[in-house]
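Q: Sequence:
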Amino acid sequence: MKPFIVALTVTALAGISTVVSAADRITGHHFATRSEAMAPNAMAATSQPLATQVALDIMQQGGNAIDAAIAANAVLGLVEPTGNGIGGDLFAIVWDAETEQLYGLNASGRSPKSLTLDYFQQQGLSKIPPRGVLPLSVPGAVDGWFELHDKFGALPMEQVLAPAIEYARQGFPVTEVIAYYFARNADVIGDQPGFAEVFLKDGEPPQKGERFRNPDLANTYELIAKQGRDVFYKGEIAKTIDAFVKTHGGFLSYDDLAEHTSTWVDPVSTNYRGYDLWELPPNTQGIAAQQILNILENYDLTAMGFDSATYIHHFVEAKKLAFEDRAKYYADPEFSAAPVTGLLDKGYAKERAKLIDPNRAGRAYEPGNPPTEGDTIYLTTADQQGNMVSLIQSNYRGMGSGITPTGLGFVIQNRGELFALEEGHANVYAPGKRPFHTIIPAFVTKDGKPLMSYGVMGGATQPQMHAQILINMIDFGMNLQEAGDAPRILHTGSSQPTGEIMTDGGVLSLENGFSAATRRELIKMGHTLQEAVGPYGGYQAIWRNHEEAVYYGASESRKDGHAAGF
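Under mature numbering (1 follows the signal peptide of the UniProt record, and there is no 0), residues -22 to -1, 1 to 544 are what the sequence shown spells out, in order.
By construction, these hints were calculated from the structure, which means they are not laboratory data.
Wrong hints could be hidden among the right ones.
Below, a list of computed lysine to any residue pairs in the SDA-like style, where the Cα atoms sit at most 25 Å apart [as the list claims (entries may be wrong)]: (1) Lys328 x Lys186; (2) Lys306 x Asn347; (3) Lys217 x Leu201; (4) Lys324 x Gly227; (5) Lys186 x Phe150; (6) Lys91 x Lys105; (7) Lys91 x Gly227.
Derived Cβ-Cβ restraints for the label pairs, each shown as a range [claimed, not checked]: (8) Pro27 x Ala315: 27 to 37 Å; (9) Glu478 x Phe313: 29 to 39 Å; (10) Lys332 x Gly149: 52 to 62 Å; (11) Glu188 x Glu400: 40 to 50 Å; (12) Pro18 x Leu95: 47 to 57 Å; (13) Gly283 x Gly512: 43 to 53 Å; (14) Val511 x Thr241: 51 to 61 Å; (15) Gln39 x Thr5: 31 to 41 Å.
Bear in mind the structure is a predicted one, so any value in this text is a computation, not a measurement.
Backbone N, C-alpha and C fix where the C-beta goes; we use that ideal spot for every residue, glycine too.
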């Protein structure tokens, strides 16, 4: 599902307002939509109001931030199936107050073991298609829930999943942005097996304000709550998925599901101007945000100014450089270990920064040689004990593959589309392999203390926005909400882990709020500008004020949700 794109020329710039304000506010930046939420005990921020409320309810019932995150994710899988669900994968970073440590969870699934690279070659395919049975991989989210719950949870899983089950049976009103994406997804995948029976009524997607019910998903959640993760991977649900996929000519099997495991991983960090940004290592793209920041740390961004062609140019070029490495090195470490330490080396970043022409956009870059050694949802929760969760979960493209097994109430992800089909590539398709992954949770610490859990949903948008959020706060002095409300910079067209190579410099899109003068200067520097509506991601964040023992919360003005606490 591609964003709405309009070519932007110099003559068209005259009609773009230099200042766009959400509303008149007596405090803060003109683009801020609201104040930060604040609360002394707990905080939750999600992309849908019911999910935020459920997270708070769970914590008021005695649950912790981990229980709240699982409960909110289950609700989001129901109310926002356009971006996530238990047919998808999950990644999380948890600050555990008891051990005072960060823990990383990679709950992404692997490709079918009976599907080989030869099959794609025999079919004459140069790319894995985005829909249908071929891009299916094992859904990792449910196992991710139970890994998190077994390690950190406080309430029984039946209590944690109860709100989602109730909403699935009784129904919920579809909110505005989600209704929009329902319609867009229905246009693309409405004819995929099983989809219409669950998500369409008389052939039409639910409208804004319509009460939508999903009794099949209620039954599935109830089975999981009562029988645990094995019912999904080794029991009734696994058997249903196996039979349905086989009926439609696919390869994902019961054995693939039964053999699935999640992986606890060590988050990796880089320090940006005194703040430690933590991300998960490949197969995710999290370290791309860190590479961008490492390059930009060599420049005085504050002096350049937020609405300046100089800042935007340097940001875009740093992104291009990081994404060249992303295209070459990021893959399942069990098949091809990325040189993570070298990619995050400050000296390496300084050398890469020297490749940036301060006056001209680069059309192509080569990946570096780092030193070596030996549609998605994001949510965040924080509790009274000091636990904090940064969790991201996705179907990949909107509603995934569209494949919706009979009686289960959810679509299966199309994450397998992100494999390359080029032999020798680090991310080349192989049976039982995890694909390159776009979804990334983030966490910030300072002087060893937990400071901020945050994320920005949205494919390749994510590392760009992870970096921009911190730049907005650290270099440009914005608060937690303003950092997300600020107009965003988006570059597309970089070289990709699926094999595409950038030769034309790609495309730069700027949200309304950047001045016409800045846009003109960027065009003069050789950037190709295009107007894009909608692909700038969705942000949630929680900030911990240690001095006052207060949580701040922020949520994306571009989505339906909010931050709230008690």
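Q: Each hint: holds or not?
A: Hints, verified against the model:
1. Lys328 x Lys186: violated (49 Å)
2. Lys306 x Asn347: holds (10 Å)
3. Lys217 x Leu201: It holds: about 14 Å lies between the C-alpha atoms, which stays within 25 Å.
4. Lys324 x Gly227: Since the Cα atoms of Lys324 and Gly227 sit roughly 49 Å apart, the hinted pair is violated (cutoff 25 Å).
5. Lys186 x Phe150: holds (11 Å)
6. Lys91 x Lys105: holds (19 Å)
7. Lys91 x Gly227: This hinted pair holds, its Cα atoms lying about 15 Å apart.
8. Pro27 x Ala315: 27 to 37 Å: Given a distance of about 42 Å, which is not inside 27 to 37 Å, the answer is violated.
9. Glu478 x Phe313: 29 to 39 Å: For Glu478 and Phe313 the Cβ distance comes to about 20 Å; the hint is violated.
10. Lys332 x Gly149: 52 to 62 Å: holds (58 Å)
11. Glu188 x Glu400: 40 to 50 Å: Once the Cβ atoms are compared, 45 Å apart, the range 40 to 50 Å for Glu400 and Glu188 holds.
12. Pro18 x Leu95: 47 to 57 Å: holds (55 Å)
13. Gly283 x Gly512: 43 to 53 Å: violated (27 Å)
14. Val511 x Thr241: 51 to 61 Å: Since Val511 and Thr241 have Cβ atoms about 37 Å apart, the given range 51 to 61 Å is violated.
15. Gln39 x Thr5: 31 to 41 Å: holds (35 Å)
Checked against the numbered hints above, the structure violates hints 1, 4, 8, 9, 13, 14; every other hint is satisfied.
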